[in-house]
Structure formats: structure tokens, C-alpha cells
Amino acid sequence: GAGVSQSPRYKVAKRGQDVALRCDPISGHVSLFWYQQALGQGPEFLTYFQNEAQLDKSGLPSDRFFAERPEGSVSTLKIQRTQQEDSAVYLCASSLRASGSDTQYFGPGTRLTVL
Amino acid sequence: GQQVMQIPQYQHVQEGEDFTTYCNSSTTLSNIQWYKQRPGGHPVFLIQLVKSGEVKKQKRLTFQFGEAKKNSSLHITATQTTDVGTYFCAGKDGGSQGNLIFGKGTKLSVKP
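Protein chains in written order, with the working numbering: chain V, 1176 to 1290; chain H, 1074 to 1185.
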């Protein structure tokens, strides 16, 4: 498929466990974004990559959250020592260019539940 | 920091009625985008507005960007059951690298 894909689609973790969420953007897209969406809320920005460079990580809620995109394509969002408040859907989006005016194409999200 | 507020939070309409959701930003925006998220789905891009006072139409949907580029609206004429979902506005101010600030969304339900 040509869309953004994310894996796993669902993840259940015990509190304190580390998790890794994967995003495969649309091929050739320069920009990649991670958002956190709590139930009944809008997506909240976490971090932004332009190719392999992480240009903005101001939305990461704590130092337990870490994201990387080492080769400028696939990205991984890692959450260490998960807490219950980390339970949410994690959305990845990509856009063609570096401009913030581009359409963002969202993946299906990973629903993380921390018990 | 920049905030984007959206009202109403919920709207229940009878099929065939009109629907409007409003979006207000605390700062002037360089552009505003609208997304629709179906229940259980992910946000899907609808449109982007860039110019002050801009109005764009997509069939029964009309999008407006305010003159001051701080507010926007989405109006749906004669709603259908396929319009059900949550509509989000998302704005970008001139200072941000590229990330969008999303409103909390308006959840539309349509009674047949």
C-alpha cells in the first residue's frame, strides 16, 4: 500500500515496561510527525523529523519518550518505564515536503494500553 | 503557547439539517487545515486554507478562514449519515517548524 503504516496496531504493556512503536511513512516523504491522541481529544504534537533530523521535540511529555528516524524513513517512538497516563493512541503522519503547509497523511495509529 | 479552540464539542443533528463547527486560535496562523476522523479511524485531510478571508467549497462542505487569520469555520449543508465523525481544525503559526496544533474537535452525530 502507499499509505502510512504503523505497528503494532494494539499494544498492552504492564506499568514499568518499555515499548517501541514503529512508523513507516509514505515513501519519499521528507517530514514525519508523531502525535498522541487521548480518548475524546484531538491529536497532540509530540515530535517532528525532517529526513533524519529531529527538528522539534517540544511535545514529548517527559524524558521517558524518545523518537528516532536514523535513515530518514522509518521512525520509532520509544517509551520507557510506561505509566498509566501514557495510555493513548499514538499517531504518525508524514508529508511530502519540509514545509508546514503540506497535507499530513496519518497512519492508523497504535493504541497503547498500560495496565 | 499557541492554543486552538474548537466549538461545539458535540453536535447532534437530524439528517438534512445543517452543521457548523468553529475554530479559534490564540495567535495568527499561517494556514489552517481541517481533518475528519471517523469512529475508530485516523484523521483524514479535508482542506487547507492559507489566505485571509479565503472561502473554499467541497460539495456540501464550506470552509472559511477569517480576515485576521485567527479563526475558521466548517459548514456542512444538509447533513447525511456519512458525515458522522469528528472534525478537527489544525493550525500552524509562523514560528513553528512544521507541526500543527489541533483543536479538540467537534463530534458530529447524524440521526437518520
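Note that these hints are calculated values from the structure, not bench results.
C-beta atoms are modelled at their ideal positions from N, C-alpha and C, and glycine is treated no differently.
Check each hint, because a few of them may be wrong.
Claimed, not checked - Over the 10 Å line for every Cβ pair with chain V, so calculated as not near, a few chain H residues: (1) H1085; (2) E1140; (3) N1172.
What the hints assert, rightly or not - If we take Cβ atoms under 8 Å as the criterion, some of the chain V residues that face chain H in the derived model are: (4) Q1216; (5) Y1223; (6) N1226; (7) P1283.
Which of the stated hints cannot be reconciled with the structure, identified by number in ascending sequence?
Those not satisfied are hints 3, 6.
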